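Produce the complete structure using the sequences and hints provided.
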Amino acid sequence: NAGVTQTPKFQVLKTGQSMTLQCAQDMNHNSMYWYRQDPGMGLRLIYYSASEGTTDKGEVPNGYNVSRLNKREFSLRLESAAPSQTSVYFCASSADSPAEAFFGQGTRLTVV
Amino acid sequence: GENVGLHLPTLSVQEGDNSIINCAYSNSASDYFIWYKQESGKGPQFIIDIRSNMDKRQGQRVTVLLNKTVKHLSLQIAATQPGDSAVYFCAEVISNFGNEKLTFGTGTRLTIIP
Chain Z
1 NAGVTQTPKF
11 QVLKTGQSMT
21 LQCAQDMNHN
31 SMYWYRQDPG
41 MGLRLIYYSA
51 SEGTTDKGEV
61 PNGYNVSRLN
71 KREFSLRLES
81 AAPSQTSVYF
91 CASSADSPAE
101 AFFGQGTRLT
111 VV
Chain E
113 GENVGLHLPT
123 LSVQEGDNSI
133 INCAYSNSAS
143 DYFIWYKQES
153 GKGPQFIIDI
163 RSNMDKRQGQ
173 RVTVLLNKTV
183 KHLSLQIAAT
193 QPGDSAVYFC
203 AEVISNFGNE
213 KLTFGTGTRL
223 TIIP
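Protein sequences, first through last, are from chains Z and E. For the first sequence, the tail end lands on 112 under our numbering, and the numbers increase by one without skipping. For the second sequence, the tail end lands on 226 under our numbering, and the numbers increase by one without skipping.
It is possible that part of the hints are untrue.
Calculated cross-link-like contacts (lysine-lysine; reagent style DSSO-like; alpha-carbon spacing at most 30 Å) [unchecked claim]:
no. : chain 1 : residue 1 : chain 2 : residue 2
1   : E       : K213      : E       : K180
2   : E       : K154      : Z       : K71
3   : Z       : K57       : E       : K154
4   : E       : K168      : E       : K213
5   : E       : K213      : Z       : K9
6   : E       : K213      : E       : K154
7   : Z       : K57       : E       : K213
8   : E       : K154      : Z       : K9
Hint data in this document are derived by calculation from the structure and do not stem from the laboratory. Everything numeric in this text was worked out from a predicted model, so none of it was measured.
This is the structure in structure tokens:
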């Protein structure tokens, strides 16, 4: 039972490069989320998808785009990476409420 | 340069002792609160929650106390074990017309000393 799977686990990008963080869940959850976790700060919501086919901005969406490819998959794209996007990114999913979300193991992204 | 790494409050506890981790919140409109455990290199994991109309809730080896007067929340872990070493953080949940918004705290790093 994999739960929420994120790839890659680690990534180093140069400023201006683009990349997509992948996330998949096998729990048949309706809702999926992308958070970032920075030192000295709590988790912050980047984007979420309440159901297949819908996406909405969270607290810190600037510089990111998302795609809810199907019910299982929710990807996060950085079109032009900046050092300020150096962070640990967590994908999560829930049947309904974000408070009931299961988290993936995270992607540690460094932008140099 | 300045180390802006994980400057979290830390708590070291002898194995077998009890630990208390604290969290302050600011919003009186919070509907409920959640405690998470995050082990090194892993994602947060739900431990226990408590409704705002409750003062105390108990789980397996954990107890949450909520003091709404001073907007303070605590997580007590009884008979700590090495596997309890992790970062613990709270989150407040506000419901608004069926939508829930979570605000996460920064956390406390708990280290269990064998």
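Each hint tested on the structure:
Pair hint K213/E plus K180/E holds up; C-alpha atoms about 19 Å apart against a cutoff of 30 Å. Between K154/E and K71/Z the CA atoms are separated by roughly 23 Å; this keeps the pair inside 30 Å, and the hint holds. Under the criterion of a C-alpha separation no larger than 30 Å, the hint pairing K57/Z with K154/E is consistent with the structure, at around 25 Å. For the hint pairing K168/E with K213/E, the CA-to-CA distance comes to about 22 Å; that is within 30 Å, so the pair holds.
At roughly 27 Å between alpha-carbon atoms, K213/E and K9/Z fall within 30 Å of each other, so this suggested pair holds. With a CA separation close to 23 Å, the supplied pair K213/E and K154/E stays within the 30 Å bound. Between K57/Z and K213/E, the direct Cα distance comes to roughly 12 Å. Compliance with the 30 Å bound is thereby established for this hinted pair. The hinted pair formed by K154/E and K9/Z meets the criterion: a straight-line CA distance of about 10 Å does not exceed 30 Å.
Of the hints listed earlier, there is not a single one the structure fails to meet.
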